[in-house]
Amino acid sequence: MDKGPANPEIKEKVLQYLDTVEKAKSKDIAKAIGEEKGAVDLAVKELSMEDKVEYLYITTTFVALKGKVGAPA
Amino acid sequence: MEEERKTPRLDELERGPWPSFVTEIKRAAVKSEAADDLLGLLEKSYEDKVGHWKHGGIVGVKGYGGGVIGRYTDMPEEFPHLREFHTMRLNQPSGWFYTSEALRKICDIWEKHGSGLTNFHGSTGDVILLGTTTSELQPTFDEFSDAGFDLGGSGSDLRSPSCCVGPGRCEFACYDTLDMCFDLTNEYQDELHRPMWPYKFKIKMSGCANDCVAAIARADLSVIGTWRDCIRIDQDEVKAYAAGGLDIQTAVCDKCPTRALHFNARSGELSVDGEDCSRCMHCVNVMTKAIRQGREKGATLLIGAKSTIVKSAFLSWVVVPFMKLESPYTEFKELLSRIWDWWDENGKTRERIGELIYRVGMGEFLRAVGLPPVPQMVFRPRANPYVFWPEDEIVKQEQQAAPPESGQE
Amino acid sequence: MAKTDKGPPDYRQFLPPIIKENYGKWKYHEHVKPGVLKHVGETGELYSIRVGSPRLVSVDFIRDICDLADEFCDGHLRFTSRNNIEFLTPDQAKVDPLIEACRAKGLPVGGTGKAMSNIVHTQGWIHCHTPATDASGIVKAVMDDLFEYFTRDDLPNKLTVAMACCLNMCGAVHCSDIAILGVHRTVPRINHDIIRKGTEIPSLVACCPTAAIRPDPKNKSVSLHNARCMYCGNCYTMSPGMEIMDAANDGIAILVGGKVSNARSAPSFSRMVIPFLPNNPPRWPETTEAVRHIVEIWVRQARKGERVGEWIERIGWERFFTLADIPFSDKLIDDYVFSRETYRTTAAFKY
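Residue numbers (my numbering), protein chains in the order written: chain A, 35 to 107; chain B, 729 to 1137; chain C, 535 to 885.
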C-alpha cells in the first residue's frame, strides 16, 4: 500500500526528539512532537531508509538514532 | 594444532531412529566455524544446564525493523565465532510449497553468508536462518532479495502471515488461503517490516475448522473457513462406507456434537437437521467422499489468541461469524485497518489486542470498530447485571419529573 | 542496495502441475498407509509422502531432500505446519521407491492420520536467551522413544505433542494433546553492577508483566517483589543483570488434553498434570518416561476417535489421575487470574 512521501518537517522533528532520548516508541514520539502517529511512522520509515534511525527490538520495538544503542554488554 | 572438539553428551543424541539435530550441526560444522563453536557451546549447556545467549542491540538491514533478531553468546572468549550469531527470518511462500531449485538457492546463499544452519520452519512460519554476524546481515539480505526472497516480521510488527495448504491440496478449503496469505503479505509490507505497534500482531488462515495452522490458538486475527448453508450428503457414497465396514451410527452420528445426523440402518440413508449443525467438520472428516460442506463458503473471523505471557493464554473470540473472502478482500482489509487503528491508539506497550479487548471490554471493541453484536460471539450471555449503559440509552435527570419527597429526615 | 519490500516468492511458481490442474477442485483424500496421503482431483491423483525432520537442519540436509524431490517428484515438495516434509508426486509407482530411498537416508516416513506427528518446538539452549531447558534434545529423545507412534496410524486419533523451552511458549504449546514446557522456579538474581552499568531502569521496570520489579533509586538499581514474580524471564531480555536461569531448579512441566481443531468439541487448552520434572540431559529419561506413560494409557483406554483431551473430559480429570497413577498436588490447582472456572461446582464426580 503506497502511503506517499513523508513530511520533511516531521522527519526533522523526529530526529530532534530522538536526539533527546535513548530510544522511544513511535507512539510516544508522535505524542511528544504533537504529530499524527501515521505521519510519524512514515517519517521513521524514510529516516531508516536514509540510515538516520534504526529499529531496536527489546521486548517491544523502539526507534533510536542510528548508532546510539550498541550491542548488549 | 587445534584439538578436535569433544562432545560426549551431544553424541548421545546421535543415537536412535529419529533424525538427529546434533548430526546436522556437525554437518554444518565441517564448513562453518560458527556451527563448530555452536557444538561446543551446546555441549557446555548440556553440562551446566543453562543457556548461554544474550538478546538485544540494534541489528537489521537498512530500512527494516523486522526480520532480524540479535543474538550474542555470554561466552565470547571461549566461542569467538558466536560473539554475534543473529537470526534472519525469510518470509515463507504460502503453504510452504517449494521447488528444489528454490530451496537450493536459499542453501547456497546461506552457506556463503551464515552458519549453514536453518529451521524449516519457525513457529510463526518463516524460514529461520540461524547464525550470522552483524556485518553479514546487509550482504545476506541483498543477495536474498536479488534471488526473489524477502525478510519476514519480528518485533512489534505484523508477523509473517501464514496459512494451511488450502485449495492447493485439500477438499476442505472454504476459501483460497494461499492466495489470501500472499495478498495480505504483499499489501502490508510496511506493517511487516517496520514495527510501529504496541506489540506483535499475527494473522493465520485455516481453510476449515480443522484449523491445521492452529490459528485459533496463536493468531491475533484467526481466519477459519466455514460455510453458511447445509452440508451435502451423497447417499450412494454413504452406502459404500457402510458396506466398507464403517459403523456410521457410532463413528459419525454419536460423535456429532449437536446430534444433527441420523442414520437409518434399514434404508442405509444418512440425513441431517441442517439448522442443528454447528459445522464442526467431524462428519466431513470421517466420510470425506459422502459428506461435503455447503456451497456458500467463507470464513469466521476470530480475534485475540495468544500464548501465556502475560494474562494467561487466550483462544481467539468470534467477532465476525461469516464473511465471504474473495480477492481483493476489501471488506476484510477495511475491518483490519479499523482494528489496527483502535489497538494502536488504545493499546499499552506490549499489550496484544486480545489483552486490550479483555481490559476495556468486548462491547467497547465492537462499538469502536463498528461490528454488530450477535449471539454467535458468546457461548452464553452474562450472568451478572453489571451493564455499562451508554448515556444516550438512559433518561437524563432533567427530563424526569421531580423526585417524590422523602418522607423522613 | 537491494530492493526492499518485494514480499515472499509467489507460491504459484512452486506448485506442481497436478496441483495447478486441480486447484480448489479436489474431491476427496485417502490414507493409503502410514505417511502416505492420496488426494483425488478431477484430472488425477496426488500422492504426498510425509517425512519427519529434526527441524534444526543443515543446508546439506535440505540439499539431500532436494535430491530426493528431483529424483522422484520433479523437484516438488512442501513442508507442513509441524515441520514435516511432504514429497509430492502424481505417480503412484514412485511412492514405494521414494519411501525406500527415505529409509535409506534415515528419514522416517509417517505422521499422517491417526498417528503421532512431529513435535513442534522452540530453540532451547541452541539459540534462546531465556530457556528453562533445551528443546531439540528433549524432542529428539521423546521422538526416539515414541518412534513407533509416528510410523503407525492406528491410534485412537491423531496425537500432537509440542515443546516450549520457557513460558513465553514461542511454540504455542498451550493447545496440544501433550505439551512439554520448560519452567523456571526461582526469581531472577539481581546483579546490581550490571544493571548500574548499562540498563535503562524505567524500561526494566516497565517490562515486568506483573509489576514485581521496582526502581531502587538509592542503589541506582531495582528491587524485586519476589511473591509477584512468575519467572517468565522478560526482565532478562531487558537486562542481563536479571539472571533468571537456575541450573538446580529449572526443569520441565507436562500439560495434556489441548486441541485446536473444532471437530466434535471446542478447541481447548492443555492442562497441567505434572508440575515439575528435572532437567536431565542429554536424554531426559524422566520426561520421556512421563510422556510415554500418558500416551500408552490413552492408546489403551480411549475410545476410537477420541483425542487425549476428549478422552479425559469423558472419563473426568479425577479419574484420569487415578488411571494414570499420577500424584495430584495443590500445584495443579490454578491460582492465577482465570482460576475460578476450574474449581468444581458440582457434587457429582468420580474416584
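Derived by calculation from the structure, the hints in this document are not laboratory data.
Fair warning: there could be bad hints in the mix.
[Stated by the list, open to error] Simulated pairs of lysine to aspartate or glutamate, DMTMM-like, Cα-Cα distance not exceeding 20 angstroms:
#  : chain 1 : residue 1 : chain 2 : residue 2
1  : C       : Lys567    : C       : Glu682
2  : A       : Lys59     : B       : Asp1072
3  : B       : Lys1076   : B       : Glu1062
4  : A       : Lys102    : A       : Glu70
5  : A       : Lys59     : B       : Asp1069
6  : C       : Lys561    : B       : Glu1024
7  : B       : Lys833    : C       : Asp601
8  : B       : Lys840    : B       : Glu761
9  : C       : Lys561    : B       : Asp962
10 : C       : Lys639    : C       : Asp688
11 : B       : Lys782    : C       : Asp780
12 : A       : Lys102    : A       : Glu69
13 : B       : Lys833    : C       : Glu682
[Claimed, not checked] Short derived list, chain C residues pointing at chain A, Cβ under 7 angstroms:
#  : residue
14 : Thr744
15 : Met764
16 : Tyr765
17 : Asn768
[Claimed, not checked] Simulated restraints on C-beta separations:
#  : chain 1 : residue 1 : chain 2 : residue 2 : range
18 : B       : Glu829    : C       : Gln626    : 21 to 31 angstroms
19 : B       : Thr978    : C       : Ala781    : 32 to 42 angstroms
20 : B       : Gly1002   : C       : Val871    : 51 to 61 angstroms
21 : B       : Gln1104   : C       : Val833    : 31 to 41 angstroms
22 : C       : Gly640    : B       : Lys759    : 40 to 50 angstroms
A virtual CB, placed ideally from N, CA and C, is assigned to each residue, including glycine.
Cross-check of the supplied hints:
no., hint, verdict
1, C:Lys567 / C:Glu682, "14 angstroms, holds"
2, A:Lys59 / B:Asp1072, "11 angstroms, holds"
3, B:Lys1076 / B:Glu1062, "23 angstroms, violated"
4, A:Lys102 / A:Glu70, "25 angstroms, violated"
5, A:Lys59 / B:Asp1069, "16 angstroms, holds"
6, C:Lys561 / B:Glu1024, "17 angstroms, holds"
7, B:Lys833 / C:Asp601, "14 angstroms, holds"
8, B:Lys840 / B:Glu761, "12 angstroms, holds"
9, C:Lys561 / B:Asp962, "13 angstroms, holds"
10, C:Lys639 / C:Asp688, "25 angstroms, violated"
11, B:Lys782 / C:Asp780, "16 angstroms, holds"
12, A:Lys102 / A:Glu69, "24 angstroms, violated"
13, B:Lys833 / C:Glu682, "35 angstroms, violated"
14, Thr744, "14 angstroms, violated"
15, Met764, "16 angstroms, violated"
16, Tyr765, "16 angstroms, violated"
17, Asn768, "6 angstroms, holds"
18, B:Glu829 / C:Gln626: 21 to 31 angstroms, "25 angstroms, holds"
19, B:Thr978 / C:Ala781: 32 to 42 angstroms, "51 angstroms, violated"
20, B:Gly1002 / C:Val871: 51 to 61 angstroms, "40 angstroms, violated"
21, B:Gln1104 / C:Val833: 31 to 41 angstroms, "36 angstroms, holds"
22, C:Gly640 / B:Lys759: 40 to 50 angstroms, "21 angstroms, violated"
The structure does not agree with the numbered hints 3, 4, 10, 12, 13, 14, 15, 16, 19, 20, 22 stated previously, though it agrees with the rest.
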